[in-house]
Amino acid sequence: MVLNSTDIEIADDSNLDLLCKAWQNNKDEITAQNALNARPSALLVWVLGLSVVTFITLSAVVGIALMRFVKKSTYSRFITFFVAVGVGSLSGSAVFHLLPQAYGLVNEFDPNADHSYLPKALTAVCGIYLFFIADKLIKIVLETRKRRKRENQAALNHRSVVGEHKAHLLDNNSPRTESFQLEAISTVAAEASIQQQAHSLCVHDHDMEYKKGDSVIAAVAWMIIFGDGLHNFIDGVSIGASFTESLLSGFSVSVAVIAEEFPHELGDVAILVSAGMTLRQALVYNLLSALSCYVGFAIGALFGNLDESFAAYIFAFAGGMFLYISISCMIPEMKKAMEEGLQVSLKNGLEVFILQTMGIICGLCLMYTMARYGSSITFSF
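Just so you know, numbering that gives the first Met the number 0 puts 68 at position 69 of the sequence shown, and the rest follows in order with no gaps.
No lab work stands behind these hints, which were simulated from the structure alone. A portion of the hints provided could be inaccurate.
Distance windows between CB atoms, simulated [to be verified]:
no.	residue 1	residue 2	range
1	Thr368	Ile137	29 to 35 Å
2	Leu136	Thr277	25 to 31 Å
3	Asn347	Val294	40 to 46 Å
4	Val46	Val343	31 to 37 Å
5	Leu129	Tyr102	21 to 27 Å
6	Gln152	Arg76	30 to 36 Å
7	Asn347	Val60	28 to 34 Å
8	Phe130	Leu42	41 to 47 Å
None of these values were measured; they are calculated from a predicted model. Glycine included, C-beta positions come from ideal geometry on N, C-alpha and C.
Taking the hints into account, I'd like the entire structure generated from these sequences.
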């Protein structure tokens, strides 16, 4: 039997092998690309989600270790940087991930999803933080001028006092001298007085001091249990629903929650210890408030599996909550921290400003990278 070569072209064994290998490689690439965006199994959702929640809960233990072995100045810088990372990651997660998913702008099940919204979203976020940075720079300039003017005035007053001292060498109780001394003492006392912000739902003050045995200890403990408990519950719902949607959603929300909760858990330990509690008591109170995160995760994971449309509402709610926490709660705390640093010295204020700026940039870049290139990341389980 003779075959016409013009009708049929028979590939040799080597060509067939090459075709099979190319087909297999292409299949593996497509499978790996879709692995992150596919809806994960219920077992994987619970394993990964509970691991993230447990990590957040154990942040208090890390805080205790840091407080015992790290210098106070290093601990303060660590908190300052991570608060800024939390601000950047929270706002970035809301604008780059949660709200676009709630509005249906991006479909994470599609590996070729349209990311044309990202440049506009990045522009909006940059507008917020550029004004934030500009506001802080203006305050630095004004504080520098104010400090220079105060130093010049102090120098003039010093010369005046020296002249009066020479003129009235035998009159040590000169009324004018006493008046100036009282005025100087009053000025120093006014500058040394800094308002202390009470413990709130969103941020924690690390400089609050209470005497051991005061009744305010119970009030602080209850605020942590109820305030952080509600906050952790919503975080848990967000994590549970996001992992039922896709691994990419789960990891992006988890990173934002960890970056925001980690410094807050450290802050919980710090404020409870400063309130007069022992480290063991602080850990117990902190763990009690963190238990609600497990409850929230269970609700988010269950409802996310029962109804896919329910996840969109959770994303919208979580996005709004993340924006509120970052812009309304944490940014004012960052501004207050820098102003307190400026009261100490210009160098201290600039150090706080640089740490906060770097933290915000890190958080935003991380969230933007996950939104833009997250579909290219592969995981093997």
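Val46 and Val343, beta-carbon distance inside 31 to 37 Å?
At roughly 47 Å between Cβ atoms, Val343 and Val46 fall outside 31 to 37 Å, so the hint is violated.
Is the gap between the beta carbons of Asn347 and Val294 within 40 to 46 Å?
Hint holds: Cβ distance 41 Å, inside 40 to 46 Å.
Mind checking the hinted window 41 to 47 Å against the Cβ distance between Phe130 and Leu42?
46 Å, holds
Is the hinted range of 30 to 36 Å satisfied by the C-beta distance from Gln152 to Arg76?
The hint (30 to 36 Å, Cβ to Cβ) holds, given that Gln152 and Arg76 are roughly 33 Å apart.
Does the Cβ distance between Leu136 and Thr277 fall inside 25 to 31 Å?
43 Å, violated
Is the gap between the beta carbons of Asn347 and Val60 within 28 to 34 Å?
Taking Cβ atoms as reference, Asn347 and Val60 lie about 30 Å apart, which means the hint holds.
29 to 35 Å as the expected CB spacing between Ile137 and Thr368, which holds or is violated
The hint (29 to 35 Å, Cβ to Cβ) holds, given that Thr368 and Ile137 are roughly 31 Å apart.
Cβ separation of Leu129 and Tyr102, checked against the hinted range 21 to 27 Å:
Because 25 Å falls inside the window, the suggested range holds.
Hints 2 and 4 from the list above are not met by this structure, while the remaining hints are.
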